[in-house]
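Residue numbers (the numbering used here), protein chains in the order written: chain A, 1 to 546; chain B, 547 to 780.
Derived by calculation from the structure, the hints in this document are not laboratory data.
Hints are not guaranteed to be accurate.
[As the list claims (entries may be wrong)] Computed, partial: chain B to chain A, Cβ under 10 angstroms: (1) Glu557; (2) Ile560; (3) Asp562; (4) Arg570; (5) Trp585; (6) Leu626; (7) Pro650; (8) Phe651; (9) Ser652; (10) Arg654; (11) Phe664; (12) Leu667.
[Unchecked claim] Not close to chain B: a few residues of chain A, all C-beta gaps over 12 angstroms, as computed: (13) Asp86; (14) Gly166; (15) Ile237.
Ideal placement from N, C-alpha and C gives every residue a C-beta, glycine not left out.
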Amino acid sequence: MSALSRLPVRLLAFNILLVFLPVAGILFLDTYERHLLGAQERTMSQEGRLLAAALEAGGDLDPVQARAILVKLGQRQLARLRVVDDAGAVLADSALLGPRRPAPEPAASPTPALRVPPQQRLLYLIGSLPFRLLRGAGDQPEDERDLIDADTGTLAGAEVRAALEGRYGAATRVLGDADRTVMLHIAIPIRIDGEVAGAVVVSQSTRRIMSTLYAVRLDVFRVFLASLAVAVVLTLIVATTIARPLARLRQRAGEILDRRGRLTGGFEPSRRRDEIGDLERALAELTRRLEAHLRHTESFAADVAHEFRNPLASIRTATEMALEVEDPEERRRFLEMAQRDVARMERLLSEAREISRIDAHLDEEDRGPVAVEALLGGLVESYRLRSGNGRTRFELEAAGERAMVAGSADRLTQVFDNLLANAASFSPPGGTVVVTLRAAAGQAEVVVADDGPGIPEEHRDRIFARFFSWRPEGPAAEHTGLGLAIVRAIVEGYGGRVSWRPRHPNGSEFVVNLPLASHPARSPAPAGAAEPAARAPLPDAHRDTR
Amino acid sequence: MSGTVAIVEDEKTIRDTVAFALRREGYQVVAYADGAAAWESFQRSLPDLVVLDIIMPRMDGLELLRRIRGQSATLPVIFLTSRDEEFDRVLGLELGGDDYLCKPFSMRELLARVKVLFRRLALAAHPGDDAEQLLEVGRLTLDLRRYTAAWDGSALPLTVTEFMILHALAKRPGHVKTREQLMVEGYPHDTFVSDRTIDSHIKRLRKKFVAIDAGFDRIDTVYGLGYRWAQETA
C-alpha cells in the first residue's frame, strides 16, 4: 500500500507516540498508585496516632482499657487496629471484637456494574501484559506470615520492631490467599512516661483502593485505544492530503524529462492554498523558466550558427576566387577580404561567448561600488585620444555627481564602452558625442547622445536584440549586432534599465539607469531588486531574435 | 551565353566576390545591398536572373521574390540561405524559387547553377530543339538539357538540385543510391553538403510528385542505405 510508505508511516509512529507517552506514564510509572497508597497510609497513621494518644492518656498500657477504647471507636474505622506491648504480644485486636459495622462507604463498589473485577477483564490483561512482564523482576512485598512470629504468637515484623524502638514503621505484605491481597501495615509507638510501652499496629488491605486503581487503569487503557484509533484515522487523512499529492508531484517530475533528457511538458500550477500548492506552483514556475531558458539557449545557438555562415561564406568564396584569379593584385584583394571576415568571425565568437558568460555568470561576479563619474571620465578621455584631430568630439557632463553603483568595474566599462563606440560609429564627421551623468531618486542616469541619423521607426524595438544590426550606410558586416545586446544584458543583470530615445533635432540618446549603491531602499536587497529585471531578458531576447 | 544577373546580398564580401566571378564568366552584373534598393531598380527593368540572399535589412529576399513574381512568373531566382529551417519556406511551390544554395556555398557550384538556369531559359524560348536528350523512365520524363521533368505528361516544377537528384535516381531504376552518391550528383562542385540536406530534398521531391499524383510512391527509402527509384512492376 503506497499511501502508507515512508512519510505516512513516520507520521503514524509520531501520532501514536504522542498518544502513548502520557498513558504509559500513568500506567507504568505508578504515579497514581503511589498517590492512592500514600493517602491510605496517611489515614491509617492518623487513626493509629489517635489510638496511641488515647492509650498514652491512660498513663498505663492496660489490655482492658485498650479493648475498651477499641470498642468505643465503635468499629467505625476501616482498618484493623491492634495494640501490642513492648514485647510484641497482642493486647487488643479490633478484629476480635466482632464483625465490623458496615461503614458508610461511597467508594465500596465503584463499579457495581462490573461482574468481573477490573483487573481480571480481558482488556486489562492485554493492556497490562507488557507492564507485568517488565515489572516481574521488581521488588516484591514481604510475606504476610513474617508479621507474626510463629513460635510466640507475638507480632515481630520489621514495622513492629521499628515502632517498639520508638520509630514509625510501615510495611506492605502479601496475604497468602488466592488473590494475593496486599496488606499495608503501619506501627506507631506508644510512649508512657517517655518509655516505649508498646505499639499500635494499623493494618488495612489495599484491595479497595487497588480495585479503584484497576478501574482507572482500565478506563485509561480504553481512552488510549480510542485515541489510537483516532490517531490512525488522522494519519490516514494527513497521508492522503500530503503523501498522495507529493507522490503525484514526484511522478510528474519523473515524467518531465523524456529518455533523451528533453523537457516534455511541465507542472500545471495548482490551485491548492497550502504548502504543497506552493511547491507545485514553484515547480511549475521552475520548469517554465527552465524551458524558456532552454528555448532561449537553443535559439541563441541557432542564431550564432546563422551569424557564422555569412562570414564563412565570404571566406569560402573569396578564397575560391583567390585560387582562380591570375592577377596577383586581384588575388591579394580576395585574400584580404577573407582575412577581414576571419577577424569578424573571431569578434563574433568572442562577443557571443561574452554574452553567454554574462547570461550565466553575471550574478557570481564581484560587485564592488564603482564611481561612475571616474569611470566615464577615463572612457571619454580615451575616446578623445583615439578620435584624433576632432573627427568626433566627446564631452562629459557630470556636474560633480558622486554616483556609486554596485557592479563590476569591468562590466560597467563594457556597458559604456559599447555605447560610446556605437555613438561614435553613428556620429557624422565633426559631430559631438555627449555623455551626461545625473544621480537622482536612488538612480544613476547616464545618457549617451550622438547627433547621427537616429534610428528609423521600424527598427526601434529591435536595437537591443541579439544579432540585430542596422546601419544607414556602409558595411553592416563590421558590426556583430551584439554590442547593444551586451549592454542590455549587463544593465538588466544589475537591476537597471537601458532605453533609446530620439534626440532633437537629430540623433540618438541611449539612457542607462542603474540603482545607486548607497541608496538605502535599493542596496540592502540588491538580489531581490535585480531579480525580475535579470530574468526578463531571456524571453524577451528570444522573441526579438527573429 | 550572356545576360544580366542581379546579385542582392547585404554581405559586401559575398556581393563583390559573386559579382566579380559572374563578370569573369561574361555576364552583365548589377549588385544591390538590400531588397528595397533592388526592387527600386527592378521596377524600371528586370534582370535575366537574380541571385538573392534571404535575410537582409530593408526588405528581405522572400518579399522581393514575391514582388518579382508579380512582374514575371519565369525570371529565374537562385536563393542563398544561411538557415536550414528557411529552405522549406523558400522552396515551397507557391513561391517558386528556381534553386538555392546554402551558405557557405561553392562559387563554382553557383556559377554552374547560373549556367543551367540560363540554358533552361534559352531552350524554353526555342522549343523543339534537342528532343533526343529526353530520358523516359516509365511515366517519368526528364529533359536533360532543359533540366525539366514531367510525370504522366504534367510538368514538375523542380529546382535544379532536385532535378539532378531525381535524374541520379531515375537513370538506374531499382538501384540504391547512397546519400553520398546523391550529394555528388546533386552538388557536383561542392563538397560541404550535409546528408540531411539530401533527405529534405527527397522529402520535397515526393511532395511535388504527390501534388500532381496523389498515389505517387516511386521513391523508396532504403533504411541504412539511401534511396531508390522503384522499378515499374506492371
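Legend entry - Interface hint compliance - B:Phe651 to chain A, C-beta minimum distance less than 10 angstroms: holds (6 angstroms)
Legend entry - Interface restraint verdict for B:Glu557 against chain A (beta-carbon cut-off 10 angstroms): Cβ of B:Glu557 sits 5 angstroms from chain A, so the hint holds.
Legend entry - Interface restraint verdict for B:Ser652 against chain A (beta-carbon cut-off 10 angstroms): holds (7 angstroms)
Inset, instruction - Closer than 10 angstroms between Cβ atoms is the bar; does B:Ile560 clear it against chain A? Give me holds or violated. - result: holds (5 angstroms)
Inset, instruction - Under 10 angstroms, Cβ to Cβ, is where B:Leu667 needs to be relative to chain A, so tell me if that hint holds or is violated. - result: violated (24 angstroms)
Inset, instruction - Let me know if the C-beta of B:Leu626 comes in closer than 10 angstroms to any C-beta of chain A, holds or violated. - result: Holds: closest Cβ of chain A sits about 7 angstroms from B:Leu626, inside 10 angstroms.
Legend entry - A:Gly166 non-interfacial with respect to chain B [C-beta, more than 12 angstroms]: Nearest chain B Cβ is 112 angstroms from A:Gly166, so the label holds.
Inset, instruction - Closer than 10 angstroms between Cβ atoms is the bar; does B:Trp585 clear it against chain A? Give me holds or violated. - result: violated (16 angstroms)
Legend entry - Interface hint for B:Pro650, Cβ within 10 angstroms of any Cβ on chain A: Since the shortest Cβ distance to chain A is 4 angstroms, the answer is holds.
Legend entry - When the least beta-carbon distance from B:Arg570 to chain A is tested against 10 angstroms, hint result: The hint holds - B:Arg570 has a Cβ within 10 angstroms of chain A, the shortest such distance being about 8 angstroms.
Inset, instruction - Mind verifying the non-interface call on A:Ile237? Its CB should be farther than 12 angstroms from each CB in chain B. - result: holds (54 angstroms)
Inset, instruction - Could you check that no beta carbon of chain B comes within 12 angstroms of the beta carbon of A:Asp86? - result: holds (119 angstroms)
In the structure shown, a violation is registered for the earlier hints numbered 5, 11, 12, in ascending order.
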